[in-house]
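*Asks:* Sequences are here, hints too, so could you generate the full structure?
Under the UniProt record's numbering, think of the first position of the sequence shown as 1, with each following residue one higher.
The reader is advised that the hints may include incorrect statements.
[To be verified] 30 Å max Cα-Cα, derived BS3-like pairs, lysine-lysine: (1) K159 / K137; (2) K15 / K75; (3) K60 / K118; (4) K159 / K15; (5) K75 / K110; (6) K137 / K75; (7) K159 / K110; (8) K118 / K15; (9) K159 / K75; (10) K137 / K15; (11) K60 / K137; (12) K118 / K137; (13) K75 / K118; (14) K60 / K159; (15) K110 / K15; (16) K137 / K110; (17) K75 / K60; (18) K118 / K159; (19) K110 / K60.
[To be verified] Okay, the calculated beta carbon distance ranges per label pair: (20) N13 / E101: 42 to 48 Å; (21) T93 / V126: 21 to 27 Å; (22) C112 / Q149: 30 to 36 Å; (23) V166 / D9: 21 to 27 Å; (24) W188 / D102: 37 to 43 Å; (25) G12 / R98: 40 to 46 Å; (26) A114 / D80: 25 to 31 Å.
Source of the hints: derived by calculation from the structure; they are not laboratory data. No experiment lies behind these values; they were computed from the predicted model shown. Using N, Cα and C, we set each Cβ at its ideal position, and we do this for glycine too.
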Amino acid sequence: MIGETSLFDPAGNRKYLNPRERMDFYRATHLLTEPAQRAFCLTLFYTGCRISEALNLTWKSVDLGEETLVLRTLKQRRDDRYRAVPVPPELLTLLEARPSEDSADSPIWKFCRATGWKLIRSRMAVAGLSGIRATPKGLRHSFAITCIQNQVPLPTVQKWMGHARVETTAIYLDFVGEDERQWARRIWNTMV
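*Replies:* Written out as structure tokens, the structure reads:
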């Protein structure tokens, strides 16, 4: 059934970015002149976190030694759920530039959810993307699918996504990837 646990909306539109669209978004983030804005976009791109989790990050959430961001999982009912998600040097370099007036407990981004949402949507528009997939949640879905495509074990994807149940993570197994297209081509070749 198409709904909350589907990668498609009720009209059949994809909720996630495909690899080309992800790259278009990535390129669009590099047109930003403000490093903090670029870091925000890349945090969602590289971690698959929820927009509220990104906005909840403080400077002490950046673990340069472990090359991770420690995200507080906000959708689970308990306040004490954290997860460490590895991030690339590109993002860590942007996050190293902490303003001297900020303490370790200061939020990294000093804007609200609506501003963060608009920032992501504006980069999607620059990338030529629109619709349900051109959202922070579209980035989240595409991060999980990229993990699956790269054979990251499902329990690891579950941890990185902050899912309480592996069944929630398992919806990302239901996408048509390159392997599936190759299988279909082989079948078609035997049919004619």
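*Asks:* Decide, hint by hint, whether the structure agrees.
*Replies:* Here's how the hints hold up against the structure:
Proximity of K159 to K137 is assessed by CA-CA distance (about 17 Å); at most 30 Å being required, the pair is judged to hold. For the hint linking K15 to K75, the alpha-carbon distance of about 19 Å falls within 30 Å, and the restraint holds. In summary, the hint linking K60 to K118 is supported, as the alpha carbons are separated by about 26 Å, within the 30 Å threshold. Straight-line distance between C-alpha atoms of K159 and K15 comes to about 21 Å, which keeps the hinted pair within the 30 Å bound.
Distance check on the hinted pair: K75 and K110 sit about 21 Å apart at the alpha-carbon level, within 30 Å; holds. With a C-alpha separation of about 14 Å, the suggested pair K137 and K75 falls inside the 30 Å cut-off, and the hint holds. For the hint linking K159 to K110, the alpha-carbon distance of about 27 Å falls within 30 Å, and the restraint holds. For a cut-off of 30 Å, the pair hint linking K118 to K15 stands: about 18 Å separates their Cα positions.
The hinted pair formed by K159 and K75 meets the criterion: a straight-line CA distance of about 13 Å does not exceed 30 Å. A C-alpha spacing of about 8 Å is found between K137 and K15, which places the hinted pair at or below 30 Å, so the restraint holds. A C-alpha spacing of about 25 Å is found between K60 and K137, which places the hinted pair at or below 30 Å, so the restraint holds. Pair hint K118 plus K137 holds up; C-alpha atoms about 13 Å apart against a cutoff of 30 Å.
Restraint check: the Cα-Cα separation between K75 and K118 comes to about 21 Å, which is no more than 30 Å; the hinted pair holds. Simply put, K60 and K159 have alpha-carbon atoms about 20 Å apart, close enough for the 30 Å limit, and the pair holds. A threshold of 30 Å between alpha carbons decides the hint, and for K110 with K15 the separation of about 28 Å falls inside it, so the pair holds. Of the pairs offered as hints, the one joining K137 and K110 holds, with about 21 Å between alpha carbons and a cut-off of 30 Å not exceeded.
Restraint check for K75 and K60: the C-alpha separation of about 21 Å stays at or below 30 Å, so the hint holds. Among the hinted pairs, K118 with K159 is consistent with the structure: their alpha-carbon atoms are about 27 Å apart, no more than 30 Å. A distance of roughly 15 Å separates the Cα atoms of K110 and K60; the hinted pair therefore holds under the 30 Å criterion. The supplied range of 42 to 48 Å is met by N13 and E101, whose beta-carbon atoms lie about 44 Å from each other.
The beta-carbon spacing between T93 and V126, approximately 22 Å, falls within the hinted interval of 21 to 27 Å. Separation of C112 from Q149 is about 33 Å and conforms to the stated range, judged on CB atoms against 30 to 36 Å. Between V166 and D9 the beta carbons are some 24 Å apart, a value that agrees with the proposed interval 21 to 27 Å. Against the hinted window of 37 to 43 Å, the Cβ-Cβ separation of W188 and D102 comes to about 58 Å, which falls outside the hint.
Look at G12 against R98: about 44 Å separates their beta carbons, and that is inside 40 to 46 Å. At roughly 28 Å, the beta carbons of A114 and D80 sit within the given window of 25 to 31 Å.
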